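Student: Spelled out from the first residue to the last, the chains are:
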Amino acid sequence: MSLLEVSDLTVSFGRRRRVAVDHASFSLEAGQRLGIIGESGSGKTVTALSVMGLLPETAQVAGSVRLAGRELVGLPESQHARLRGDLVSMVFQEPMTALDPTMQVGRQVAEVLRLHAPERSGRARQHVLEMLGRVGLTDAERVADSFPHQLSGGQRQRCLLAMALINSPDLVICDEPTTALDVTVQARVLALLDEVLSAEGAACLFISHDLAVVSQVCSDVLVMLDGDIVEAGPVAKLFTAPEHPYTRGLVATARIDQVRPGERLPTVEDFYPRAEAR
Amino acid sequence: MRRLGLYVGAALVTLVVAMALVSLFWTPYDPTLVVAGQRLQGPSAAHWLGTDAMGIDNFSRILVGAQTTIVVGVVSVGIAAVIGVPLGMLAGQARGWVDEVVMRITDIAYAFPALLLAILLAARFGASPVTAMTAIGLATIPSFARITRAGTLQVMRTDFVLAARASGIRWPGISLRHVLPNIAPLIGVQASVTFALAILAEAALSFLGLSTAAIVPTWGKMLRDAQTVMFNAPLQAVWPGLAIAAAVLGFNLLGDGLRDLLDPRLREVS
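Line by line, the protein sequences are chains A and B. For the first sequence, position 184 matches number 184 in the working numbering, and the numbering has no gaps at all. For the second sequence, position 30 matches number 30 in the working numbering, and the numbering has no gaps at all.
Just to be clear, a hint being listed does not mean it is correct.
One-sided and incomplete, this derived list gives chain A residues near chain B with beta-carbon spacing under 7 Å [said to hold, decoys possible]:
| id | residue |
| --- | --- |
| 1 | M52 |
| 2 | L55 |
| 3 | V185 |
Computed Cβ-Cβ distance ranges for the label pairs, DEER-style [what the hints assert, rightly or not]:
| id | chain 1 | residue 1 | chain 2 | residue 2 | range |
| --- | --- | --- | --- | --- | --- |
| 4 | B | V101 | A | T138 | 51 to 61 Å |
| 5 | B | L120 | A | Q60 | 14 to 24 Å |
| 6 | B | P86 | A | Q150 | 28 to 38 Å |
| 7 | A | P245 | B | L176 | 46 to 56 Å |
| 8 | A | T179 | B | P86 | 13 to 23 Å |
| 9 | A | P76 | B | V101 | 53 to 63 Å |
| 10 | A | G63 | B | V98 | 21 to 31 Å |
| 11 | B | V98 | A | S25 | 45 to 55 Å |
| 12 | B | P172 | A | E57 | 42 to 52 Å |
| 13 | B | P86 | A | G41 | 50 to 60 Å |
| 14 | A | R17 | B | P86 | 31 to 41 Å |
| 15 | B | V17 | A | Q60 | 31 to 41 Å |
| 16 | B | I83 | A | T138 | 25 to 35 Å |
It is worth saying that the hints were derived from the structure and are not from the lab. None of these values were measured; they are calculated from a predicted model. Glycine included, C-beta positions come from ideal geometry on N, C-alpha and C.
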């Protein structure tokens, strides 16, 4: 049995039922890392949020999402909340805004620990410091007592990672976790993510629009386009033999090092012309 | 210079609080002592602000009046905040029909004349500071509920609330530990402005005889006493008028100053 099984997931919004995700199906084994690639509006974040149960109330969800054998579509909010932060957790895109500015980050991490593991909360601070150390924050004591505005973007993203990992979840969903960071910090955070996911043995659903980033962390990848999964497979195969014209375009644009000087850089439109301007 | 208002406001508020505190232990004269021989005297070394129509020292009455002002402000704001803030947070977090019901009731309450409410309460329970405070408190609940709801909606849309929900934190935890601390500055500013409003309202109610019935001196009641001797001793109305103006100005400036100080958008400019 797979850890996460999504079948025929369809999410639409509002009275006019604008479809954001259209009959998507995929599965994720325990410890596996799956990337979801797509442009803005392709439905990748909506897919992630439907696993988390955090879609806005206007969303209509059909199909099935099974996590560790439990059906999540139609699960009451109170039961779904119990899974979040424990069995499945999420790292958000913007480390600047995903931490509460009025609370020390150590307390924010401890809050998640207390919620799901009350028996460990007696030594909560020690666990929090240990976790902050494991995500590469060398001066964990100082960071734990800092407010978010006193930390750098990379430090904050590490704190969010600590928050997501403190209860050893089976699945971590990362929604473009490095997009807001600069390139050098991005490389370090990705290496760290790779390391802690291996150490925890957690599966990962990694959402990004950057093929290069996904290939660093994930073994398999899904390509989403306008709510459809247009291609799926191992990262290596996607690079060597992309099938869908849109994927071919993505791969070509990711390999600008192979473009000879003087030549025009490829765009996705060269491979997959799209009728209407979005 | 940008913070001048804040400092002036804080100074005036401190002055009023100090007057109230001092009057608990000491006043130049007994603020209820009638001395028939010294009616309506002007300012002098013995009576800094003169005496009133019954020969009572005006300065002593002003000092003691500050007590009523502070108590009325604190209690009215307390009533309004304790009921209005949870209502606003409920409406802002629950959304849907709960939001609609709470906010429409708030709209109706907002439209109800506050003075009429005070007269109704005074007619039913008798004129006293307690009815005045209750009336002012009840009448200012809607403004607290509205501003709290607006702030809550804003906070609920932030990434950190989404992140907290993604960690499995349920609404009681989100309300108390994430929403409330983030809207606290907003509520503080509202409290300060409402405090000024409450002082003014209490003075008006005293003036109309709907607050203090007994001889407890309040600034509004002093104004009312001054009205009867207006043409003989106009200064009688000036002292309580000045005291009310100073207190109201102080709390308003403090509220504005706090808003400027706590608003991150304005802070970046400086």
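Student: Which hints, by number, does the structure contradict?
Tutor: 2, 3, 5, 8, 9, 11, 12, 13, 15 and 16
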